[in-house]
Structures are given as structure tokens and as C-alpha cells.
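Chemist: Once you've looked at the hints, dock chains V and F against the given chain D.
Chains as they are written, first to last, in the working numbering: chain D, 7 to 320; chain V, 21 to 345; chain F, 678 to 936.
If you're looking for bench data, these hints aren't it; they were derived computationally from the structure.
Some clues are possibly wrong.
Some, not all, of what chain F presents toward chain D, calculated at C-beta under 7 Å [unchecked claim]:
#1 Gly691
#2 Phe723
#3 Arg783
#4 Ala794
#5 Phe861
#6 Arg916
Calculated from the model, a selection of chain D residues having no Cβ within reach of chain F, i.e. all distances over 12 Å [what the hints assert, rightly or not]:
#7 Ile79
#8 Ser84
#9 Leu86
#10 Gly94
#11 Phe95
#12 Trp96
#13 Gly167
#14 Arg213
#15 Ala242
#16 Val248
#17 Ala250
#18 Val253
Note that the coordinates shown come from a computational prediction; the quantities given were computed from them, not determined experimentally.
Yeah, the Cβ is synthetic: ideal placement off N, Cα and C, and Gly gets one too.
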Amino acid sequence: MIPLAQAPPITFWGVQPGSGEMWVKIVVALVVCLLIMFGLTFLPNAGRKAVVWGFTFAGGLFYVLLWIVPTPINRGPSDLPRPGEEFGFWLQDALPHIVNSANILTAFLLGLGIYSLLRVHLGRIAKRQPDREFSAILLVCMVVMAGFGYADWIMRRFGEGREKLELMQNWTPVQYAFDLMFDGLLQQMDAAMFSMIAFFILSAAYRAFRIRSVESTVLMASALILMLSLLGALVALWNGGVDAMAVALNLPNASVDLKEAHFLNNFKLNEVANWVRSFLQVPALRALEFGVGLGALAMGLRLWLGLEKGGISA
Amino acid sequence: MTPQKSIWEKLQEIDRRILYLILAIAVTVPLWIPAKLPVIPDSTSMDLYGQLMSVPEDKTVFVQSDWTVSTRGESQGHLEALLRILMARRIKFVIYAAADPQAPQVFRNVILGLNQEREARGLPPYRQWEDYIDLGAFLNAEGTLNSIGQDVRKLFGPRRSADTEGRERPVLESPVLSRVQKIGDAGLYVVVTASATIDVAVQRISGKTKLAAMTTGVVFPSVLPFYQSGQVVGAAGGLKGVYDMEFLMANGVNVVSPTGKVEAQFPAKAELTAPPLTEIEPKTVTFARGQRYFLSFHAAIVLLIIAVVVGNIGMYKMRKNRRGA
Amino acid sequence: MNPETYLLIKLTFGVLATIGLYSVLYKETKLYRFFEHVFLGLAAGFSIVFLWRETLFPLWWEKMVGQIDEQSGALVQPAYWAYIVFLPIGLMAYTVFSKKNGWMSRVPIGVILGLWAGQQVQVWWQTYGGQIAGTMQPVIPTGLAGPAGTFQWTKPGNTGLTPEQIADFNTKIWPSQAVNNLIFVITVLAALSYFLFSFELKGKAMIGFNKLGRWLLMIGFGAIFGSTVMARFALVIDRMSFVFVEWVQSIQAVFNRGA
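If we strip away everything but chain D, and leave its shape as in the complex, we get (with noise of 0.2 Å):
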């Protein structure tokens, strides 16, 4: 068996949990960064362009260096860097926390929706507005599915005997209303909403589907030979006359085993089907990730470097 890895040891930067001087710490970093908050309102217009395109770029700047310094190639837990490497070993260590502090942003700014919405519909209802029952159903259906599963979390995470609430029968009330919540309505809600667009698409094929150009032909008849490739029993169907064919036709190997070469075989369905898949829309696919591979990569570079028109930094 591999050795685990030590817990890392004590340092300035990470201290002993729970201690007096944690606390210390944390609350001395966090009053000197609402001071330099607070004097940040006070930035010119020209300083703020440089301080949000300077966040900006030292975001970037850490994978920019990760890609370009070499860093050691599955990492040993033991190992230890040689001369000139301590900065590609710093770069990968550093890497779970800059990826914990890109979920850790994200999770703030997904606050900011729940936030909006929730100054959305408590404004309806104080507005009085029309449908504004509907913004007290919203706000109801989310205060308690939060209640019930922050109640479930802490009874699973810290409470007594929680290992049993991994069993069913030994469910309190907290966890079948969670339950009913999330698996019985949520999750099945959330497959009705996606599946009615099947509804839409067959209304839309209908109706607008139309072969007006080279373009809707081209596209149509694509989409036809994929779709006509999935159904199984017509591929059986139409591969069965093609050897049918081959038989009457007389052709070399046919008549003794249809599982041989014959050129009718590149007529079977499921050849058709590969080949135009192959040598036709894969390609298509290709160039067209190309181009929109191409456009983020200028797109990132052009936001890392403050170079975006109306960007981030403007």
C-alpha cells in the first residue's frame, strides 16, 4: 500500500485549529480587508479600471505560469524538489487552492442570484402586484426546502447516530420531507421541463422543417440518414434487402456467405449511416469547434490582458 500523505505541517499561513491565534488571525486579515474596501471607494476612475484588470490578470496569471513552468509529473507523496524546482512544486501545491477559491467566489456570486430573485418577489408582494401569489408560493417552496435541508444536513453531519440516517426505516420526518422535496418533486420536475422541448421539436419539425434551399436540403437529408441509422429494425430491414439485391444480382461471394465483401454491401444503412458520420460530419463537426475554439481562446486572452472593448476591466 501506498503512504498516506501527513496532514501539512504548521506553518505562518496554516495554524492550529480552533486556537486562540487562528481566531486572531482571522479576524485581523478580515478588518484590514474591509479598510482596504472601504478606501477603495474613494479610487479615481482610471484606478478602478487598474485594480479590477489587475484582480483580473493575476488570476490568469497563475495557470499562464502553471502551463509554462515545469512542474513535477506524478508527484510522489515523499517526493521533494531538486534545485530549481521548489517553484513548480509551489505552483502544484497552490493549484487546490486556487481552484477552492474559484468554486468559493462562485458560490458568492450564485448568492447574488438568489438575492435578486428574492428582491424580485418580496417586492411583488409588497408592491401588491398582480400575481403576486404566485411570488409567495416561490418564496414559501424555497424557505422550506432550505429549512428542511439545512435540518437534514446537520442531523447527517453532526448529529447523534447519524450513520443510522443511511437507512431508510431509520428516517425522522426532516428527511422524508427532504426527500419528497428534492427526489419526488424537484428532480421530476426539472425531467418535465426538459422533455416537453421533444413537443416542441416535432411542432417546429412540422411546421418550419421546410426544404427551401441547398442549405435546408443539405441539412435535412444529414439529419435523415443519422435518424434513419438509429432505428434498428429498419436498418435490419433495408441491410436485408441490399443482400436480398446481391443474391438476385448473382455478385461474387454474395450467394455464399452474405457476411463477405460484395459491393452492394456500402449501400447497407449502417455503412451509409458511418460513412457520411466518418468522412463528412465529423470533419464539419471539427472545423466548426475550431472556430469556436479559436474565439474563446482570443476572447480569454484578449479579458486576461485588459484588452477587451466593454470587458471586465472597462
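Modeler: Showing chains V and F alone in chain D's frame:
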């Protein structure tokens, strides 16, 4: 007096709700009709099956499951087929979600269902810690896969799970992960997804391990270029992919004749010769969700094609009539 | 509670919600709007739970205050106190509603965009490097003659060949393969030419090639359409199965137990 409308004009003005009703009936009725329809599996599915059947028994398969009930119609069939193969071969696996917080609960339900199925058939259940490790959710697919590519032990290190005696221990001590030093030690890395996390996996770990995909139909076209270039070694796409996998489990890829010669029953790579799963575990249910849905799927596609054809004929006839008038 | 009874209750809730949402296919009614808002409320509520349970608690709070093993009291992870800086940076996002200090909300967004942008070069190469190599396909045939010395359009069948011949023929590019490869390469180039916006395309050949590219892109879109149709139909089939098979079976299970 208004002129009499032709049948084509009437068809063009048909209420959309009638179309919806026809679709609902067309896909529901076949659900009650048991039918084992023929199929020729895609080369992508055959390669995936071959790869799964050739994973060495002492290797751990990594399963990244990024789907929820919203795409259950396709993704659950994929995950069930994948886990049935791994369970039948007694291959250990580690499973987690890298994108959606709702995903772990969904794959847990699938594992629970498969274990109940095994129990009913008198087969030993797959046990957490000994046979598989459930790591729950990692969020931010980019970061997670970056970390997996760089140092998988560092990412998994803090996660803990109850061992067979109920003691909470680091998952890296489990029989499933104890031999995994780096991502290259994985027998196969399979992404079961309904989103673009397969792209992220290609970006972060292709070249470091063998990568395979089981994706919804929406995502599948974007996987095909990766398959052609070898960045993905096998892929099952959409409902057809589910049925392909079930069919392959029952029939195998390329049958080896008694003389030892590979008879190309299904034209796949000869090196991926893989027996039907029924030879390994005769009681395994091989035709499952894909089979149940495949006839309905035929009905729906045929209905769509008829709709397009009737719509176009109607447009053509109406134009002709107008020109004539 | 009996598991079968609970399952029936749960499925019934799901069936009612599905029917409620599907009612919009007939007409947008109050029933639909009710279920729509229930759905949004539950999704928002779950997001609140999830944001803390799966992200902020394990990735921020536990990192900041550290972890001690409950059973042994041993250190699992030190307290990285500097994680507190994410609180003010994250809270900057909420200044978006302020006229004077709204610019600060761009700081956390800038960090996230910067982290995304910094990965793009590496991501691009990882994604497309292999595909560029995969597009460089041989277009000149190296195998033309079969075992009898006659011209072969495709690779000869293995029947009657020695293992050496089979191995030799397998390594050669036969005319049919070369033509297919050429079609592949032309398709990629023609479709790519459609994305040339930097200069004006002149000459019949270039314009024609560009037009061919547009048609070939349509083939790609056709594949996307066909695949998407498969996906959406699979979902509606699954919903119907949920309502008419799983729910009905659950009712039967409960009634059979009662009987």
C-alpha cells in the same frame, strides 16, 4: 362564399395540441410492448464495450457521473450498463460527480437499484469501501479535472468513508484506491455526462489516461471528433448508445471461433474482441432500459419524419395551388 | 413508514407535478403557473442549501478553521486563516446594486474570468492539438496491388493470405481509404474557410470553396439536429414511462401487499 380548403391546407393548420397528443400516444403505447429489436452497434459503442471488457481485473475504473434525473432517459441507461459490466467483471470503481450537486444522489440510487437486482439474483452485492468508493460531488469541473490530472491523491486525500467495520477512514486507504498513485493508474476513466464535462475531461486528462464517454444525444456530436482523433477511446451516445451496450452485453464484440480465428460478427477492431457478458455471469440482465424504450423511440422518430414529409408536401401543394390560382 | 407506501406517495407527487407542468402544452393555466413557481422555489431553496453544504462549508469554512479528527483528536488539516479574504472579495459582488460603488462588483467576476482566461491556451492545445494531428491524414495511396498483382481499390480480404501478407496489407493506404481521407481533409478545410472573416474572399475558386464549406457545415448541423432529436425523444419516453409504467407498478405493488 369562401373556397373549400384542400386536405393539405387543413393539415397545415392542424392544432399543435393534436400533434402533442399523437406524440404522447406514439411513445406511450410501445412501452407496454416487449420487443427485442435488432441493432447494429456503432463502432464507438463497440470500442467502449471492448475497452471495458479488457480492463485488467486489478485496476480501478474512474467513473465521473455528471447527470441528474432531467436526462434520466439516456444517462441512467448508460450508468446502469457501465456498472453492470464492472460489477459482472468484479472490477473496482470510484464514482463521483464533477459538475452537478444533485448528481451524487442520483448515482447512489442507481447503485442501490443494481445491488437490489444482484441480491434478488443471488449475486454478492457491491460494497462501499471494498468494491467501490463513492466520493460524492466535487464542484467546478475545470478545477476538479485539473487536480485529477496533476495529483489525484491530493484531491481525494481529504475525503473519508466508512470502512467495512463502520470506521471513518481516508478513502485512499481503501482497497479501491490504495493502489492508485496517479490518474495513469486508472483502468479506464469513464465520463457519464449530460453536459460539456467530457470536453473538460479531454482538456485536462486526455493523454494521461484512457478516456471514454457515455453522453446524451445532445452532447454526442461534440464527442465524435475526440473519438476520431483517439482522445476518447470509446463512446456511447444517447438512447441508441444504451441499447448498443445492452445488445453488446448479450452478444459480445467479434466472436472468436473454435479455431481461434476472429469472426467479424460486428466489424470492430480485432484487438477489442470481447465475449458476451452472459458468458461471465449468465444471470445478468443485459436488456434493460434501452430495450424498454427502443420501440417507443422508433415510433417517435418515424412520427417526426412523417411530420417533416407531410409538412413539406403540404407547403409544395399549397404553393402549386396558389400559382394555379 | 413502509418503503413501498412511501415510494407510491413520492411517485404520486412526481406524477402530479409532471402533469401540472405538462398542462402548458394545452394552455398556460393557473395550474401550470403554480407548479412553475413551486419548481423555481424548490430549485432556489436547494441552491441555498447546496451553496453552503457542498461549497462554502467544505471549501471555505473548513479550510479557514481547519479540521481535527473527531475520534483521535489528530490534526487533519491546519486552519488556513487567509481564506477569510474571500469573504470581502465575494461580498464585493453585492455592491452591484450601488450606483457609486457598483464597479467593485467587477472584482470577483474579474478574478473568475481571469482564472478562466489563463487556462485557455493550455485548454486549446489539449483540445485541438490531438485533433489537428488527427486531421493530418494520408491522402496518397501506398497499396495498389493485391496478392495476385492486380489493381486493388480496397484492402484485399484476409481469406487465403499468409500472416505476413495480412500484416503488410494492413499497414498500407489503399485508394478507397486515400479518397475518403481526402474528403475528410477537404471537408475540414472548406468548413474552416467559412470562419475566415479577416479578409474579403475573392475569386470564383475561393468563393466556391467557401460555399462548399457552408454546405458541409450544414451536414454537421444535420448531425447535431438528429442527435438532439434522439435526446429529446428519449426524455419524453422516460417521462411517459415514469407516469404510465413506474407509477402504475408502484400502485400495483402497494395494492398487492394490501391484498
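Chemist: Hints first: check each against the structure and report whether it holds.
Modeler: Hint check:
no.	hint	result
1	Gly691	holds (3 Å)
2	Phe723	holds (6 Å)
3	Arg783	holds (5 Å)
4	Ala794	holds (4 Å)
5	Phe861	holds (5 Å)
6	Arg916	holds (4 Å)
7	Ile79	holds (15 Å)
8	Ser84	holds (19 Å)
9	Leu86	holds (20 Å)
10	Gly94	holds (15 Å)
11	Phe95	holds (18 Å)
12	Trp96	holds (15 Å)
13	Gly167	holds (14 Å)
14	Arg213	holds (15 Å)
15	Ala242	holds (18 Å)
16	Val248	holds (17 Å)
17	Ala250	holds (22 Å)
18	Val253	holds (19 Å)
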